[in-house]
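Participant: Could you build all of it, start to finish, from the sequences and the hints given here?
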Amino acid sequence: MTLFEKVWNAHRVRVLPSGQTQLFVGLHLIHEVTSPQAFEMLRLHGLSVRRPDRTIATVDHIVPTGRQARPFGDTLAEAMLAALERNCAASGIELLGLDSGRQGIVHVIGPELGLTQPGMTIACGDSHTSTHGAFGALAFGIGTSQVRDVLASQTLAIEPLAVRRIEVTGTLAPGVYAKDVILTIIRTLGVNGGVGYAYEYGGAVIDRMSMEERMTVCNMSIEGGARIGYVNPDDTTIAWLRGRERAPQGAAFERAAAWWRSLASDPGAVYDDRVVIDGSAIEPTVTWGTHPGQSVGVGEPVPSPDHGRGERAQEMTDALSFMGLEPGRPIAGTRVDVAFIGSCTNGRLSDLREAAMVARGRHVAPGVRALVVPGSQQVAAAAEGEGLHDVFREAGFEWRGAGCSMCLAMNEDRLSGREVCASSSNRNFRGRQGSPTGRTLLMSPAMVAAAAVAGEVTDVRRLLEARA
Amino acid sequence: MSAITTVSGRMLPLAGPNIDTDRIIPARFLRTVSFEGLEAHVFEDDRAAAKTAGDEHPFDAARFAGAAVLVVNANFGCGSSREHAPQALYRWGIRAVVGESFSEIFFGNAVMLGMPCVTAAPADVRALQDLAAASPQAVATIDLTRGICDARAGSAPSSSFAISLPGTAREALTTGAWNATAALLSDQDAIDRVAEGLPYLSGFRAG
Ligand code: SF4
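Chains P and G are the protein sequences, given in the same order.
With the first letter of the first sequence counted as 1, position 48 gets the number 48 in this note's numbering; the numbers rise by one all the way through.
Take any residue in the second sequence, note its place counting from 1, add 1000, and you have its number in this note's numbering.
It should be emphasised that the hints constitute simulated quantities derived from the structure, not laboratory data.
Some hints could be false.
Sample of chain P residues facing chain G (criterion: CB under 10 Å; computed from the structure) [claimed, not checked]:
id, residue
1, Arg-12
2, Arg-14
3, Gly-19
4, Thr-21
5, Gln-22
6, Gln-117
7, Ser-145
8, Ser-153
9, Ile-158
10, Glu-315
Computed list of chain G residues with no C-beta within reach of chain P, every gap over 12 Å [what the hints assert, rightly or not]:
id, residue
11, Gly-1009
12, Ala-1061
13, Ser-1135
14, Gly-1154
Predicted, not measured: the structure shown is a model, and the values here were computed from it.
Just so you know, even glycine gets a beta-carbon here, dropped at the ideal spot from N, CA and C.
Facilitator: Structural data, given as structure tokens:
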């Protein structure tokens, strides 16, 4: 059996009259954007929260990353946080707020606190819930009506998924990161290639990855159309969880670890599909278009729509004109105005270390605005403990408070006009970073740091070699 | 909740693959604690961009005002899970979407609002878009039970083609069970029994 089947079966309550499965949710994470309407629906129907003990809240999307004193200057943002505080207090739900020392992007804090564990079903009103699959959990992004259902019943009405095993073989070259792996997977399989599938990532490259790197890969499963992605739990998973605040402790941890290991897909497991990707061939990757499947290696030219057909060619033409990029020209050398390091894809400590390695002793190019936004308060504290904030500041980056920030620009961090942003986030959709005409180039945090200091897209390996 | 077996109305064709939910409703309009008023901002940035370019976005075209059936291409609703997207469309007046394919989260969110999303062969979808563009008064009728979409413009003979949606969604919509909360709460002992069997909810008790 696959891990998917084992965990699904353990949480299956029953089959509903519609034919959907009623699935128990072991951990429900909520935040300020997708929960207020759900609480309102509960009130309307006279329902209460069934398992406040299995529900955890934080605030991430709307938090200012500069001055964080309450009330926020943005009255809409203030109203959203106030509603979350009221709803949590009324329902007995723990809220990891700005004064907790544990606040951060919901997909960063779940794992770092040890709340996210193998074998759980996890739901959150956010599509990047797939991140938690790095631990061998089944983690579903859901809509607000489903948030209501999970609050009321601690279960979801849902259909099972097929499982596609994606093997990344070989060895990543220096300067090639988890972000490049997932961008390459999406480029290969398409932005809707994963519809109907859970992605199981494996192979030598994934096996060697740290938990942070596995989270980066699983995070962007949704960009490939797969609602969830996961990695089988192994020694790396167990080592990460040992001693975490909300993980089992002592003898219970050893029993937990034995259970976790037993959940990994069996050697003879049957998959609905299998794909092999040669990890050794992956280059630092950059998006050139308006969805995450439109990417090239940093050494490649911007593709020409002549290489697509029909609708695809039209889509490429539209994307190129929005981006103002010329087919056939190298993607390297594209000027950037803004550099953003952060998000639930790449806002963890290892990401900041990799970016700092590039930034150390260099300086942001004139005219470039560069921001580092840690994924959580704990990430910020750990980075400051290592002096990374000083490295960034000396290099001319802004060092800001934890939150989603310029990944979706619901706070004051946003692009203006047609600015071009080198971004470590996950979506290069039109308007995603706060300006309807703003342009986003997705890449690894190290590549963002390289773009910041060069003032243009550049191969980070050149900067890393200069260090050696 | 009422059963939804057919949806009928004039159409609004919206061409292009991979239309994401950030385009349907940009994030700045999510700074709210309710879904009210979202319809005013549906496709706001795309509409503004069309205006700047001297074009008219279909959501601004008077000839499509009052349309209830949105006709789209592949992977509609990809990206963010924001239910604000189907909410904005529904509140604008859309009651069903016909497309080549949908993102799963968008599809599920729409069904939970009682707004069916049905798929059809790409050629049929394009023919429907062409018909809607040429004859904005044409009416499409989506019959979920028979799995057929009929489209008729004036007195011309109607064209019909097969549509599909997953059996579970069809069942939920046509039996009026598309809002799952009541069903999920109907056997609470079964929920507790599953919870009791999960090692991580009992502190990984020994033996
Ligand atoms: S960092 Fe971006 S993608 Fe992640 S939860 Fe926040 S807004 Fe969503």
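Participant: Taking the hints in turn, state whether each one holds.
Facilitator: Here is what the structure says about each hint:
1. Hint on Arg-12 of chain P holds. Least Cβ distance to chain G is approximately 7 Å, under the 10 Å limit.
2. Residue-level restraint check for Arg-14 of chain P holds (minimum Cβ-Cβ distance to chain G is 5 Å; threshold 10 Å).
3. Taken as an interface hint, Gly-19 of chain P checks out: its beta carbon lies about 4 Å from the nearest beta carbon of chain G, inside 10 Å.
4. The closest approach between the C-beta of Thr-21 of chain P and any C-beta of chain G is roughly 9 Å, which is under the 10 Å cut-off, so the hint is satisfied.
5. The criterion of a C-beta within 10 Å of any C-beta in chain G is met by Gln-22 of chain P, whose closest approach is roughly 6 Å, and the hint holds.
6. At a threshold of 10 Å, the smallest CB-CB gap from Gln-117 of chain P to chain G is about 6 Å, leaving the interface hint in force.
7. For Ser-145 of chain P, the interface hint holds, since its Cβ comes within 10 Å of a Cβ in chain G; the closest pair sits about 4 Å apart.
8. With its C-beta approaching chain G no nearer than about 4 Å, Ser-153 of chain P sits inside the 10 Å limit, and its interface hint holds.
9. Checking Ile-158 of chain P against chain G: minimum C-beta separation of about 8 Å stays under 10 Å; hint holds.
10. With a cut of 10 Å, the hint placing Glu-315 of chain P at the interface with chain G holds, because the nearest CB-to-CB distance is about 6 Å.
11. Non-interface status of Gly-1009 of chain G relative to chain P is upheld: no Cβ of that chain comes within 12 Å, the nearest being about 23 Å off.
12. Ala-1061 of chain G, annotated as away from the interface, keeps every beta carbon of chain P farther than 12 Å; the closest lies near 19 Å.
13. With 12 Å as the threshold on Cβ separation, the claim that Ser-1135 of chain G sits away from chain P holds: the shortest Cβ distance comes to roughly 23 Å.
14. With a least beta-carbon separation of about 29 Å from chain P, Gly-1154 of chain G lies farther than 12 Å from that chain, consistent with its non-interface assignment.
The structure agrees with every numbered hint stated previously.
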